[in-house]
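J.: So you can see what is in the structure, the chains are spelled out below.
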Amino acid sequence: MSLKIIVLAKQVPDTRNVGKDAMKADGTVNRAALPAIFNPEDLNALEQALRLKDAYPGTTISLLTMGPGRAAEIIREGLYRGADGGFLLTDRAFAGADTLATSYALSMAVRKIKDYDLILCGRQAIDGDTAQVGPQVAEKLGLPQVTYAEEIQKAENGRITVKRRLERGVEVVESTLPLVVTVNGSAPDCRPRNAKYVQKYKHAKTVSEKQEADSDYTELLNSRPYLNLQEWSVADVNADTLHCGLSGSPTKVKKIESVVFQTKESKTLEPSDAAIDELMRELILNHTVG
Amino acid sequence: MNYFLDTIGYKHHLHHPLMKRIVELKERNYADKDTYDYAPLDFEDAMDSYEKVLEIVGGICDDIIAPNAESVDHEGPTVSNGHVTYAAGTQRNLDAVRQAGLSGIAMPRRYDGLNFPIVPYIMIADLVSRADAGFENLWGLQDCAETLYEFGNEDQRRRYIPRACAGETMSMDLTEPDAGSDLQSVMLKASFCEKDNCWYLNGVKRFITNGDADIHLVLARSEEGTRDGRGLSMFIYDKRNGGVTVRRIENKLGIKGSPTCELVFKNARAELCGERKLGLIKYVMALMNNARLGIMAQSVGLSEAAYREGHAYASERKQFGKAIIEFPAVYEMLALMRAKADASRAMLYETARFVDMYKVLNDISKERKLEPEERLELKKYGKLADAFTPIGKGMTSEYANQNAYDAVQIHGGSGFMKDYTCERLYRDARITNIYEGTTQLQVVAAIRHITTGTYLAQIREYEDIDYKPELFILHQRLMDMTDRYEVSVQRVTDAKDNELLDFQARRLVEAAAHCIFGYLLLQDTNKDDRFRHSAEVYITYGQAEVNKMYDYITCFDIEKLAYFKGLKVTC
Chain A
1 MSLKIIVLAK QVPDTRNVGK DAMKADGTVN RAALPAIFNP EDLNALEQAL RLKDAYPGTT
61 ISLLTMGPGR AAEIIREGLY RGADGGFLLT DRAFAGADTL ATSYALSMAV RKIKDYDLIL
121 CGRQAIDGDT AQVGPQVAEK LGLPQVTYAE EIQKAENGRI TVKRRLERGV EVVESTLPLV
181 VTVNGSAPDC RPRNAKYVQK YKHAKTVSEK QEADSDYTEL LNSRPYLNLQ EWSVADVNAD
241 TLHCGLSGSP TKVKKIESVV FQTKESKTLE PSDAAIDELM RELILNHTVG
Chain B
291 MNYFLDTIGY KHHLHHPLMK RIVELKERNY ADKDTYDYAP LDFEDAMDSY EKVLEIVGGI
351 CDDIIAPNAE SVDHEGPTVS NGHVTYAAGT QRNLDAVRQA GLSGIAMPRR YDGLNFPIVP
411 YIMIADLVSR ADAGFENLWG LQDCAETLYE FGNEDQRRRY IPRACAGETM SMDLTEPDAG
471 SDLQSVMLKA SFCEKDNCWY LNGVKRFITN GDADIHLVLA RSEEGTRDGR GLSMFIYDKR
531 NGGVTVRRIE NKLGIKGSPT CELVFKNARA ELCGERKLGL IKYVMALMNN ARLGIMAQSV
591 GLSEAAYREG HAYASERKQF GKAIIEFPAV YEMLALMRAK ADASRAMLYE TARFVDMYKV
651 LNDISKERKL EPEERLELKK YGKLADAFTP IGKGMTSEYA NQNAYDAVQI HGGSGFMKDY
711 TCERLYRDAR ITNIYEGTTQ LQVVAAIRHI TTGTYLAQIR EYEDIDYKPE LFILHQRLMD
771 MTDRYEVSVQ RVTDAKDNEL LDFQARRLVE AAAHCIFGYL LLQDTNKDDR FRHSAEVYIT
831 YGQAEVNKMY DYITCFDIEK LAYFKGLKVT C
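Taken in order, these protein sequences are the chains called A and B.
The first sequence begins at 1 in the working numbering and counts up one residue at a time.
The second sequence begins at 291 in the working numbering and counts up one residue at a time.
Simulated from the structure, these hints should not be mistaken for laboratory data.
Bear in mind that the values here come from a model prediction, so they are computed numbers and not experimental data.
Any given hint could turn out to be false.
[As the list claims (entries may be wrong)] Below, a sample of chain B positions facing chain A; criterion: calculated Cβ distance under 8 Å:
#1 Leu304
#2 His305
#3 Phe333
#4 Met337
#5 Ser339
#6 Glu341
#7 Lys342
#8 Val343
#9 Ile350
#10 Leu384
#11 Ala386
#12 Ala390
#13 Leu404
#14 Ala456
#15 Gly457
[Said to hold, decoys possible] Quick list of the computed label-pair ranges, beta carbon to beta carbon:
#16 A:Ser223 x B:Arg538: 53 to 61 Å
#17 A:His243 x B:Arg318: 36 to 44 Å
#18 A:Ala33 x B:Asp353: 54 to 62 Å
#19 B:Gln381 x A:Asn286: 40 to 48 Å
Even for Gly, the Cβ is constructed at its ideal location relative to N, Cα and C.
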């Protein structure tokens, strides 16, 4: 049985290698100092989608991302790894969205796509770490949701079996399709880009990108529909501007603190079980573990 | 850090002026662009594609292959029930390579290949070897697809090459217990069965890299009663048909992740590849030349890795109050390691371009009649490829060993422990100057290009290039080196004694190599001043070496040969 899968993906600043320029003086993220990357857990979600495509021939994968024009890079990255197409939600009116406004915009885009069996996304993005968008999209679409997924074991006859990674173990659950699944970072890493797909899709562009580019092969490229990346505005997905972007975002940032980690003095332990027990007691007491 | 992007050498060598011609020929003027969605539109587009694919490789090297190298080295492959199981890390590497579509890179698109020229193809081998030289053996055996393409019939190409492109592994089964360097002695028996209309193979092969591969090319004796190379033919064995088991795998010093197998053929069904009796004299010779270029790439990757390990340690390790890299004894070693790695890489890509030109024109000659100037090119580059492959393989593999040795030396006592990567590089490098023909055999293949003047003519061509004025002194020194090389050759050949020629051959080949490597670095510096360090260091070193050979040869009296041979255990 083939599936129609939508993968929600976000372009995020690479916060894993934060230098001292990562924050501006006013406490906001200095996006210019951090390279924009594919949110890591969204890549885990994409890999799950690709595995379903391997297992169920005929399966198609579309990426859906919201962001500025350069977020088209996310769609190309997905195509390079085996996805079939994608949609970029881009409009000034989407800017400044919190999780509520983001999930609203994404759910409207999903409604527009209409025909799908499964929506996959990463558990959370490394810039906000809220883990709210996936579940909110499910709520808005009235779909069941499975969070913290580590492996989609099968998706057959309208049902799906998913292994979840929880704090104290794993849980295998079953649900009906369609549904939303959010994928954990503990799931397998995404496969690398594929040499043929990279060559096939490297000229894929949105309309706005095409207007900026200067190519000798415009005609040839226009004759290949898979090279045209869909770009959607607020109006395209029939969204209400009031629920989008800043105006649709009730979240207000009260205060931002720039925390500087400092190394404290080290502690030497006796190589004995008693010393380890003592350390464990200490770590449990100060809530480092447990 | 992406391996492809962290070193200037790769892009520099990829963007050589000759590439335009190579790519045009290889792409038949970009004719595939209307048939295949991944074919390049023009030269710039093709080069961009090579870079993008090399970036994928650089990422896989950094993220997957290099981090797996240590566990693969410790765990190694195992054999049970006649078949090989790779180390877990090796399997992960193979999966990544298959998913990234990095098999059948040089194969035409009609067989699902990427149709890349040899230069970017061999650059992948260079990168992979830097991450894990042992893994390069498995990946690099896609060379066999090249041989199958060159000599197999259309039906065989259609059945096997797409499988290789999809990631099935290959092996070339040549060596036997009594046939190592001397492949003419191969005895594995091939007998034709009229009833089944196919060949059956019986016998034993030894030291077969990746011997449990999906598709094998096998050298076997098809002509009963013969004892020499003319009785040997090449066969394709498909693992799906069964009949070959792995009796044991060798416990090796290095490249431990690559399974080296002893194979037993018991009525293994096989098909003839190419014509009977040409197995050794034509096909295996071609296969070996491909493989030698691969070992050159492996050597370059190892040289680079060894330099990096040495440099990292020397920068961090403090003794007597400062980092050891600040001591002349250490920085000299590192500078020479860098220079040898850069010189080796320059030689690798110069050779790869010659091979590219020769192969693509040869391939085109099967489709249409070549133009007169194309025929001249074919001849010229065929000869250069033939001349540069053995001298390049010989020298770069020696340099890989020297760099690995020095990397351990820089680490001092720590380098002798299993804790640092340099000890693995030291063990892995050791095979490069042995397999696919020892350095001594590379010298045998290279010596006729010394005596016929192929190298000298090419060196004189390099001499005539316009160099920037600030490189004048280096240029002058290279001309002096060339003169001394020429005199040395003259002195040896004037004696008209074959034993003396064989005796001095290694020195003459090395002297020629120093001139060639020096000129290649000079050309690199001419284009990009960042190679200046390596050019200065290499030419200083090379000139001293050439002078040493010159002294040895000009002071040598043929009668002294007697002192070298017929030694007994004691005096």
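J.: Now tell me, hint by hint, if it's right for this structure.
T.: Now the hints, each set against the structure:
no.	hint	result
1	Leu304	violated, 16 Å
2	His305	violated, 18 Å
3	Phe333	violated, 12 Å
4	Met337	violated, 12 Å
5	Ser339	holds, 5 Å
6	Glu341	violated, 10 Å
7	Lys342	holds, 5 Å
8	Val343	holds, 5 Å
9	Ile350	holds, 5 Å
10	Leu384	violated, 13 Å
11	Ala386	holds, 6 Å
12	Ala390	holds, 4 Å
13	Leu404	holds, 6 Å
14	Ala456	violated, 11 Å
15	Gly457	violated, 11 Å
16	A:Ser223 x B:Arg538: 53 to 61 Å	holds, 57 Å
17	A:His243 x B:Arg318: 36 to 44 Å	violated, 56 Å
18	A:Ala33 x B:Asp353: 54 to 62 Å	violated, 23 Å
19	B:Gln381 x A:Asn286: 40 to 48 Å	holds, 42 Å
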